[in-house]
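If you're matching them up, the sequences are chains A and B in order.
Each number in the numbering used here corresponds to the 1-based position in the first sequence with 73 added.
Each number in the numbering used here corresponds to the 1-based position in the second sequence with 50 added.
Here are some chain A residues pointing at chain B (derived, C-beta under 10 Å):
hint, residue
1, SER88
2, LEU149
3, GLU151
4, ARG211
5, ALA213
No lab work stands behind these hints: they were computed from the structure.
Every residue gets a Cβ at the ideal spot worked out from N, C-alpha and C, and that includes glycine.
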Amino acid sequence: MSFSLKKSCSSPQGSRWNELRVAALILIWTGSWLLVKIGIVEDVLVSGWPLWAAITASGGLGLLAVWAYLKHLGGLDELRRKIEMDALALAFGVGMVTGLTSSLLGDAGVLPWDEMVSYLFTVMFVTYSVGVIVGHRRYA
Amino acid sequence: MKNRLKVLRAERDWTQADLARELDVSRQTVNAIETGKYDPSLPLAFRLAGVFGLAIEEIFDPSGEG
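Isolated chain B (complex conformation) (with noise of 0.2 Å):
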């Protein structure tokens, strides 16, 4: 699924690490979230949409793949 984490994080001047760190998971987790490779469950979706202050559905695009 692809999605606009990255832009976001760099708009913010944010690290993954940092990103990481507030929504609790693994640098590795928001890579790969990031890269398209994986797809977040559905609580880290919303966790992802309030760290931005976004709906998911600015974040994530459902028609795209990667």
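Only chain A is shown next, with the shape it has when bound in the complex (with noise of 0.2 Å):
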């Protein structure tokens, strides 16, 4: 074939390395959060500085996650980028309707609201998973 091979940022390769950083903060993330969390609950952080340095840092992995994410989703061709977006999209409505829905429960005293925003986090991120896989498929 006579034209030239081209190489880019939504390279497979480029892409594959981005979506390895983005799950490997997230991991990250969430680990630190965990700890914090742990940390929290079990006493070991209490208050003064250890605390807000733990959480600072904990939230400085979360926002870094978010960048490593701005990034893989820069590198996407535009196909891959709508399924992301549509998922995205799908996430973002479940995660609302389902965070209201749950404050008017803890309102109502039916559901202890704490413990919701927990399981919200959970939630949002099966209903991306599904939404991404959904997308695939749909255009495979």
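Build the complex from these two chains, which are given one at a time in their own frames, with help from the hints.
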């Protein structure tokens, strides 16, 4: 074939590297969040600068994961970006509905609101994952 | 939207992977466009037209579905 081969940010290798970086940062961030949560619950992190340092560090890692995801999104081709955006929109919508419905149930005293906040992240993550799988199958 | 991508690609003996590499997109994207499951953006349609040396309307038929 006569045309030249190109390599760019949307190459499979670059995309795979971005995916791995996002996955690693999300894993590190959730791990740090879990450690801080355990530290607070177990009264290891009670108050003062260690508590705030731990919360700030965990939040910083979360922001780093968001930055990596945005870089990953920018490196995708337009179809894969559409699949990601559709999945994010679905997860955001389901998260909003779940969150607000949960707050009503919390106000009504049916369910403990504090515990439901933790589950909201899981609901959004699962919805996002399902959205990505369905998107890939739709365009396969 | 109907398109002649598969025919044009076959005429040049290109695989979907070859075309994907030239367009800087995934093979999944080329396949989705070919099968009419996904309509490309205007910039990608222009890149496709450039690769085949044709006008956009010679590749895509806006009157047809899939």
